[in-house]
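**Q** If you want the building blocks of each chain, they are given just below.
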Amino acid sequence: MDGIWAKIKATNFFKSIYRNDYPDTPRSRVQVILNSVLLHLHPVKVPKSAVKFTYTWGLGGSSVLMFLILTITGVLLMFYYIPSIPQAYFSIKGLETNVTYGMFLRNMHRWTAHGMVLLVFLHMTRVFYTGSYKPPREFNWVIGVFLLLITFLLSFTGYLLPWDQLAFWAITVGSNMAGAVPPAEYVGKYVRFALLGGYEVGQSTLIRWYTLHVIALPLTAILAMAVHFWRIRKDGGISSPGESGDVKE
Amino acid sequence: MVREGEGKVLPGVGVEVKQETEKVFTWPYLVRIEMIGMLLYLVGFSILSIFINAPLRNLANPEVTPNPAKAPWYFLGLQELLLHMHPALAGVLLPAGVLVGLASMPYFDRSRSGIGVYFSTANGKAIAIFSFIYTAVWEIALILIDEYLNVLGMPEGSHGLGPLLKFLLTPALGSQIAAFLAEVIMPIGFILLIPSLLVAIVKRVWKADMREIMVALYSFFFASFVVLTIVGSAFRGHSMALMWPWEVGHPEEPLQ
Ligand code: HEM
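Sequence order for the protein chains is W and V.
With the working numbering, letter number 88 in the first sequence gets 88, and the count goes up by one each step, no holes.
With the working numbering, letter number 201 in the second sequence gets 201, and the count goes up by one each step, no holes.
Do not take every clue at face value.
[As the list claims (entries may be wrong)] With a cut-off of at most 16 Å between alpha-carbon atoms, the simulated EDC-like pairs for lysine to aspartate or glutamate come out as follows:
#1 W:K7 to W:D21
#2 W:K9 to W:D21
#3 W:K48 to V:D209
#4 W:K7 to W:D24
#5 W:K234 to W:E138
#6 W:K52 to V:E22
#7 V:K125 to V:D209
#8 W:K52 to V:E34
Just so you know, these hints were derived from the structure itself, not from any lab.
All values reported here derive from a predicted model rather than from experimental measurement.
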């Protein structure tokens, strides 16, 4: 076995994919991070205190994972979903009964969506209680608050799409809330109109929220996340007790 | 360039991030946690998705309003507030204010001491726990008062501080001004009073510094989210009346 493995590793094809040896020496452990598109989001080294699980509880990373699962299951759902009234409802019904693993697919998308809202909220709470919003990370905290808002909006726009009673009335409640922007007669009314694409929740609402849900908001989230991760590196990496020296301003 | 163990001055901000921290290689010490975490989440959510199905009710029908009509769980805190104050306040001004408040937090709390340590100071944890309980007691008390306060003569079916105030002031001020005072001004009063009093207490009892005040305020926000969301989802049933979780059941909806 070892012989075959060594031969595979010696091929040009293998070497073209993996540019370095299995990372078990300091040198190769540096290289593996630098040579891989996914791993290079990380620094080569991290504070020992930060990999202690009970410091971050892995919450930021878990939020990323939720987003990835949601993207994959979401794209698969798009193969079946029809953003039209009343086909939307029946396409979901059909997905549940006629499509192999359709119910499973929908469940994964739904439960990880709830999971993401919860995990992002808890991540923010972790960041807060460890004082990680303090300088120089102020602006990354601001980006975080924006990501929280986007997470809520992603989840809420998705809620309408099955076009069942639950969806319809939740969105009615929600858009009435938004319609209360004061002064309601002058501003709120138009906010509500813009959200619904009319005076009532209907076809134009569905297509608006669908577009927001499958493209506008995910793209915004990806952009904001890119900045978020970039800023973590630029702000000196993840926070740790060793750095709490006073600011030289 | 930055060498290990040296301070790094971040461009533009003039803030020195001292890197006196002991470091370990990302591979394998971080990558392995990420891989195991990923597997556990995938397995966990797969099991959940095999056994619990996402809800799908009847086809949407604008003619049939379910009772109660509820938003998704993370908005039920706001929906709960809607029962106690003007919708512009509960649904727009307050959430917007909370987001702005959260975002501006680091621009008030500028000291770098206590970074990387849970609760930062010796008193931090006690302040957080106190703030949580303090907030929960206030909010549960106000919810109960609003549900059950009913003075003789108040209009049929109305209850709570706001309607009482409106009822008392209407003869003197007219219904519009009375409603404004009851639904906007009084709730704003509580929204300002509860955290201000909290800050005054932690300053007095613990001689709180800026970070500890922030701990108190965030805990107030966190507790509010938790308490209001739980009340809104588990304790509100038919007509949004307060009831025990086992009485809440599913929204009543005629079969189609
Ligand atoms: C889509 C939502 C979000 C994603 C995917 C995300 C992801 C991450 C990740 C992977 C980290 C690395 C450390 C860790 O895992 O804890 C991180 C750190 C951080 N996040 Fe987020 N985050 C999100 C939302 C937020 C929110 C809502 C806030 C705060 C309002 C926030 C503020 C921060 C800050 C300040 C750091 C640096 C923490 C430190 O240095 O200890 N993030 N985020």
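**Q** Does the structure keep W:K7 and W:D24 at a Cα separation of 16 Å or less?
**A** violated, 20 Å
**Q** Between W:K52 and V:E34, is the straight-line Cα distance small enough, at 16 Å or below?
**A** Roughly 12 Å between the alpha carbons, so the hint for W:K52 and V:E34 holds.
**Q** For W:K48 and V:D209, compute the direct alpha-carbon distance and say whether it is at most 16 Å.
**A** Violated. W:K48 to V:D209 sits at ~29 Å, over the 16 Å cutoff.
**Q** Within a Cα-Cα threshold of 16 Å, do W:K234 and W:E138 meet the stated pairing?
**A** holds, 12 Å
**Q** Keeping to a limit of 16 Å between CA atoms, is the pair of V:K125 and V:D209 held or broken?
**A** holds, 14 Å
**Q** Check whether the Cα positions of W:K9 and W:D21 lie no farther apart than 16 Å.
**A** Roughly 9 Å separates the two Cα atoms, so the pair holds.
**Q** For W:K7 and W:D21, compute the direct alpha-carbon distance and say whether it is at most 16 Å.
**A** holds, 14 Å
**Q** So if I understand the rule, the pair passes when the alpha-carbon distance is 16 Å or less; does W:K52 with V:E22 pass?
**A** holds, 12 Å
Consistency with the previously given hints fails for numbers 3, 4, ordered from lowest to highest.
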